[in-house]
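**Q** Could you put together the complete structure from these sequences and hints?
Okay, here's what each chain looks like letter by letter:
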Amino acid sequence: MVSPESQPAIEVTDLTIRYGDRIAVNGLSFTAMPGQITALLGPNGAGKTSTVETLEGYRRPTAGSVRVLGLDPVADHRRLVARIGVMLQSGGVATGMRPAEALRLFASYYDDPINPDELLELVGLADHRSSTWRSMSGGEQQRLSLALALVGRPDVAFLDEPTAGIDPAGRQLIRRVIADLRDRGVAVLLTTHDLEEAEKLADHVVIIDNGVVLADGTPTELMRASQGDDVRFGAPSGLDVSSLGQRIGAVVTEASPGEYVVASAATPAMVAAITAWLADMDLPLADLRAGRQRLEDVFLRLTADADARAPEPTTTRRRRSRR
Amino acid sequence: MKALLAQTRSELMLSLRNGEQLLVNIAIPLLLLVFFSAVKVLPIPTGVDKRVDFLAPGVIALAVMSNAMVALAIGTGFERHYKVLKRLGATPLGRGRWMLAKIGMVKVLLIVQIALIVGAAFALGWNPGGTPWLAIPAVVLGAFAFGGIGLLMAGTLRGTVTLALANGLYLLLLLLGGMIIPFSEMPGFLGSIGKMLPSGALSQVLQSCLRSGAGSAGSAWIVLAVWAVLAPLAAVKFFRWE
Numbered sequence: 001m002v003s004p005e006s007q008p009a010i011e012v013t014d015l016t017i018r019y020g021d022r023i024a025v026n027g028l029s030f031t032a033m034p035g036q037i038t039a040l041l042g043p044n045g046a047g048k049t050s051t052v053e054t055l056e057g058y059r060r061p062t063a064g065s066v067r068v069l070g071l072d073p074v075a076d077h078r079r080l081v082a083r084i085g086v087m088l089q090s091g092g093v094a095t096g097m098r099p100a101e102a103l104r105l106f107a108s109y110y111d112d113p114i115n116p117d118e119l120l121e122l123v124g125l126a127d128h129r130s131s132t133w134r135s136m137s138g139g140e141q142q143r144l145s146l147a148l149a150l151v152g153r154p155d156v157a158f159l160d161e162p163t164a165g166i167d168p169a170g171r172q173l174i175r176r177v178i179a180d181l182r183d184r185g186v187a188v189l190l191t192t193h194d195l196e197e198a199e200k201l202a203d204h205v206v207i208i209d210n211g212v213v214l215a216d217g218t219p220t221e222l223m224r225a226s227q228g229d230d231v232r233f234g235a236p237s238g239l240d241v242s243s244l245g246q247r248i249g250a251v252v253t254e255a256s257p258g259e260y261v262v263a264s265a266a267t268p269a270m271v272a273a274i275t276a277w278l279a280d281m282d283l284p285l286a287d288l289r290a291g292r293q294r295l296e297d298v299f300l301r302l303t304a305d306a307d308a309r310a311p312e313p314t315t316t317r318r319r320r321s322r323r
Numbered sequence: 001m002k003a004l005l006a007q008t009r010s011e012l013m014l015s016l017r018n019g020e021q022l023l024v025n026i027a028i029p030l031l032l033l034v035f036f037s038a039v040k041v042l043p044i045p046t047g048v049d050k051r052v053d054f055l056a057p058g059v060i061a062l063a064v065m066s067n068a069m070v071a072l073a074i075g076t077g078f079e080r081h082y083k084v085l086k087r088l089g090a091t092p093l094g095r096g097r098w099m100l101a102k103i104g105m106v107k108v109l110l111i112v113q114i115a116l117i118v119g120a121a122f123a124l125g126w127n128p129g130g131t132p133w134l135a136i137p138a139v140v141l142g143a144f145a146f147g148g149i150g151l152l153m154a155g156t157l158r159g160t161v162t163l164a165l166a167n168g169l170y171l172l173l174l175l176l177g178g179m180i181i182p183f184s185e186m187p188g189f190l191g192s193i194g195k196m197l198p199s200g201a202l203s204q205v206l207q208s209c210l211r212s213g214a215g216s217a218g219s220a221w222i223v224l225a226v227w228a229v230l231a232p233l234a235a236v237k238f239f240r241w242e
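Quick note, the sequences are listed as chains E and A, same order.
Using the UniProt record's numbering, you'd call the opening residue of the first sequence number 1 and step up by one each time.
Using the UniProt record's numbering, you'd call the opening residue of the second sequence number 1 and step up by one each time.
Note that these hints are calculated values from the structure, not bench results.
Watch out, some of these pointers could steer you wrong.
Stated by the list, open to error - Only part of the chain E face toward chain A is listed, based on derived beta-carbon distances under 8 Å:
no., residue
1, Tyr58
2, Thr62
3, Ile84
4, Met97
5, Ala100
To be verified - From chain A, some residues computed to sit far from chain E (all C-beta separations above 12 Å):
no., residue
6, Ala6
7, Met13
8, Leu16
9, Leu32
10, Val84
11, Leu175
12, Met186
Virtual Cβ for every residue (Gly too), placed ideally from N, Cα, C.
**A** This is the structure we're talking about:
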């Protein structure tokens with residue numbers, strides 16, 4: 001889909017952002033390509049919003065540089081805003097505004113906007129003609145925000161937690177719209193702390209925590225790179241792991257309550273031995289994953305490792321608000 | 001141009017849809033004009049024939065303050081609070097056109113307010129004197145002075161603080177500004193303070209433009225002009241978009 005000669009739409013190079021003494025982003029580098037969905041994935045306070053707001057031109061880097069479509073988001077702000085679409089985490093629309101009014105207003109800012117009525121249809125708000133922003137649900141507000149980000153036919157779309165706090169149907173709709181954007185060649189940068197979202201939607205995942213990149217690649221690469229020779233299964237917590245380990249001849253640990261890791265290749269014999277032991281003990285098996293991990297495993301391990309390396313900044317950071 | 005027109009229309013529509021803004025912009029000034037013209041409780045300066053001759057210029061000054069200071073501050077303060085201004089910062093609208101749209105909104109509302117007040121005043125037997133055309137630059141200067149104060153509050157304080165302060169300031173500037181209560185009824189020092197306030201300066205200037213025998217208002221023009229320059233400059237300097 002992406003031709004090999006295409007240039008990155010977003011380039012972040014050694015980006016550092018400080019707020020007073022606190023370092024929100026610490027030497028971050030990554031790129032995002034046109035026609036791809038790049039997910040900036042990390043726990044709350046990891047530096048995602050600070051990074052995105054720098055790319056949108058809301059703040060200047062303390063050090064390092066960012067380029068969007070080859071432009072400096074602050075110095076070339078006027079030229080850039082015509083080509084980007086932005087979805088803030090919350091707010092952004094006057095509380096007395098109705099969806100069609102907001103879309104028509106935003107359409108007037110751009111040279112070649114998408115027809116507002118089509119967009120309303122697309123995000124499922126066509127029958128919300130008379131409700132104002134203040135009377136809309138969180139999900140409806142998110143869908144309108146998404147439509148407002150798209151109305152100017154952007155080349156780059158910045159979506160900050162686009163599906164946070166939304167019901168499953170709204171989530172599906174938003175994911176479909178985002179995937180369409182990618183297919184039309186838009187570079188989509190979304191931030192999320194939702195692993196499932198990154199795994200399902202993204203072509204490229206950048207995992208960050210404490211303002212640094214922990215991992216960067218396609219979801220498949222990330223899962224493969226960190227794949228160990230192990231079998232993971234879910235069962236009631238507090239099992240006698242040494243007894244199980246003796247029976248199957250491998251080390252078993254309880255990684256988190258009710259989540260077990262068996263340090264062994266996922267051979268059919270090993271899987272059979274584990275399930276046989278559970279059957280003998282009359283224990284239910286919640287799930288069993290052989291070999292391939294989910295992105296969640298990668299994410300939790302990476303962020304846990306990073307926190308273990310830097311326990312002090314983490315605690316102070318967590319206590320503070322995002323900005 | 002398309003964006004500026006759409007933005008101005010949108011600002012106007014939102015403010016006309018907002019009940020509190022209609023109350024402060026239109027209902028309260030009209031109510032004060034009609035009530036105190038009909039009910040003889042407030043003193044009027046000596047030498048004034050009819051109450052409405054004194055009240056009409058004062059209520060026009062009040063309408064300018066309500067619109068350009070109170071309604072603009074509260075509206076903009078909440079737009080800032082709800083990140084409307086932040087979101088606009090990532091569109092091609094730009095600050096210049098945003099500002100022009102706000103000015104356009106205030107201007108259209110002023111025309112509506114003044115038309116209604118003048119209509120009501122004539123119905124109450126108003127007989128304007130002086131040099132009425134000078135009221136136009138006076139109203140423009142007043143709108144810039146009050147608009148600057150309104151945007152200074154909206155751009156520096158939290159939305160709820162702006163709401164409280166704008167309303168408090170409205171009452172204070174109304175009472176001390178000679179709009180409804182003549183300066184001649186105030187203790188000397190309060191009157192002197194009042195005449196230095198933008199409300200006092202504007203009401204004095206409008207009295208001199210619209211009422212024969214009100215005397216000239218040379219120093220009030222200067223006070224008004226100083227507010228009309230300094231307040232917007234302060235707003236531009238200190239306004240924070242988020």
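**Q** Indicate, hint by hint, whether the structure satisfies it.
**A** Taking the hints in turn, this is what the structure says about them:
{"no.": "1", "hint": "Tyr58", "verdict": "7 Å, holds"}
{"no.": "2", "hint": "Thr62", "verdict": "18 Å, violated"}
{"no.": "3", "hint": "Ile84", "verdict": "7 Å, holds"}
{"no.": "4", "hint": "Met97", "verdict": "7 Å, holds"}
{"no.": "5", "hint": "Ala100", "verdict": "12 Å, violated"}
{"no.": "6", "hint": "Ala6", "verdict": "4 Å, violated"}
{"no.": "7", "hint": "Met13", "verdict": "7 Å, violated"}
{"no.": "8", "hint": "Leu16", "verdict": "10 Å, violated"}
{"no.": "9", "hint": "Leu32", "verdict": "27 Å, holds"}
{"no.": "10", "hint": "Val84", "verdict": "5 Å, violated"}
{"no.": "11", "hint": "Leu175", "verdict": "31 Å, holds"}
{"no.": "12", "hint": "Met186", "verdict": "39 Å, holds"}
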